[in-house]
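Chains as they are written, first to last, in the working numbering: chain A, 1 to 113; chain B, 1 to 113.
Think of the hints as simulated: they come from the structure by calculation, not from any bench. These numbers were taken from a predicted model, which means no experiment stands behind them. Backbone N, C-alpha and C define an ideal beta-carbon position, used for all residues, glycine too. Treat the hints with care, since some could be wrong.
[What the hints assert, rightly or not] Chain A is faced by these chain B residues, among others (derived, beta-carbon under 7 Å):
{"no.": "1", "residue": "F45"}
{"no.": "2", "residue": "G52"}
{"no.": "3", "residue": "A56"}
{"no.": "4", "residue": "F104"}
[To be verified] For lysine-lysine, the following PhoX-like pairs were computed, each having C-alpha atoms within a straight-line distance of at most 25 Å:
{"no.": "5", "chain 1": "A", "residue 1": "K67", "chain 2": "A", "residue 2": "K57"}
{"no.": "6", "chain 1": "B", "residue 1": "K57", "chain 2": "A", "residue 2": "K3"}
{"no.": "7", "chain 1": "A", "residue 1": "K57", "chain 2": "B", "residue 2": "K9"}
{"no.": "8", "chain 1": "A", "residue 1": "K41", "chain 2": "B", "residue 2": "K57"}
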Amino acid sequence: EDKVVQSPLSLVVHEGDTVTLNCSYEVTNFRSLLWYKQEKKAPTFLFMLTSSGIEKKSGRLSSILDKKELFSILNITATQTGDSAVYLCAVPPHQNRDDKIIFGKGTRLHILP
Amino acid sequence: DSGVTQTPKHLITATGQRVTLRCSPRSGDLSVYWYQQSLDQGLQFLIQYYNGEERAKGNILERFSAQQFPDLHSELNLSSLELGDSALYFCASSALGQGGGYTFGSGTRLTVV
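Using the sequences and the hints given, assemble the complete structure.
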């Protein structure tokens, strides 16, 4: 069965700290791995990763994929209170099909001022 | 504004009732996905429509049904509501070949009392 597992489930750190969020996956035909940020409402897209070892970066956020070990990490450096959110990892399980995406349960990140 | 419109934003109804949630996808997107997000649960895939036809089905209860209309908007019908159906219901849309990236609507928060 295809699945996505995120850890930790919850994380509380102080402003300025660096955090690393983990995502491991098992899917039949890997195509891509997606990271989303969910604050109060709709998840918003952060990154799509398709190739191993190539870091995607956006400001203080970065992410990398390891297709051999079947995991991805999302790093946030110099965290700010505005980074507080649930971070979701997701994988579309089928190649060549615009199909459902399987989401992990998310990591709830809380940044203390 | 993500371009995906969901109505209503909030809905409170009694057990046993029936409700309809509506979603208008982003302009040009043919696929619509429905997800349920309960407290402490990740995003659970319910159903996908592509250009008016059902494409994929997840753990959708028999009391729930959906359809996509010729103008591509979609409706999710929830009947014989139970307390456990209280959740956030998200609609997302994507363009075929987008590689799995979704655009989410802001969700409908359903409370069954």
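Here is how each hint holds up against the structure:
1. Evaluation of the F45 (chain B) hint against chain A yields a held restraint, the C-beta minimum of about 4 Å falling below 7 Å.
2. Interface hint status for G52 (chain B): violated, as the beta-carbon distance to the closest one in chain A is roughly 14 Å, over 7 Å.
3. A distance limit of 7 Å between C-beta atoms decides the matter here; for A56 (chain B) the minimum to chain A is near 5 Å, and the interface restraint holds.
4. Below 7 Å, beta-carbon pairs count as interface contacts, and F104 (chain B) has one with chain A at about 4 Å; its hint therefore holds.
5. For the hint linking K67 (chain A) to K57 (chain A), the alpha-carbon distance of about 18 Å falls within 25 Å, and the restraint holds.
6. For the proposed pair K57 (chain B) and K3 (chain A), the alpha carbon gap of about 16 Å is at most 25 Å, so the pair holds.
7. The hinted pair formed by K57 (chain A) and K9 (chain B) fails the criterion: a straight-line CA distance of about 33 Å is larger than 25 Å.
8. This hinted pair checks out: K41 (chain A) and K57 (chain B) have alpha carbons roughly 24 Å apart, not beyond 25 Å.
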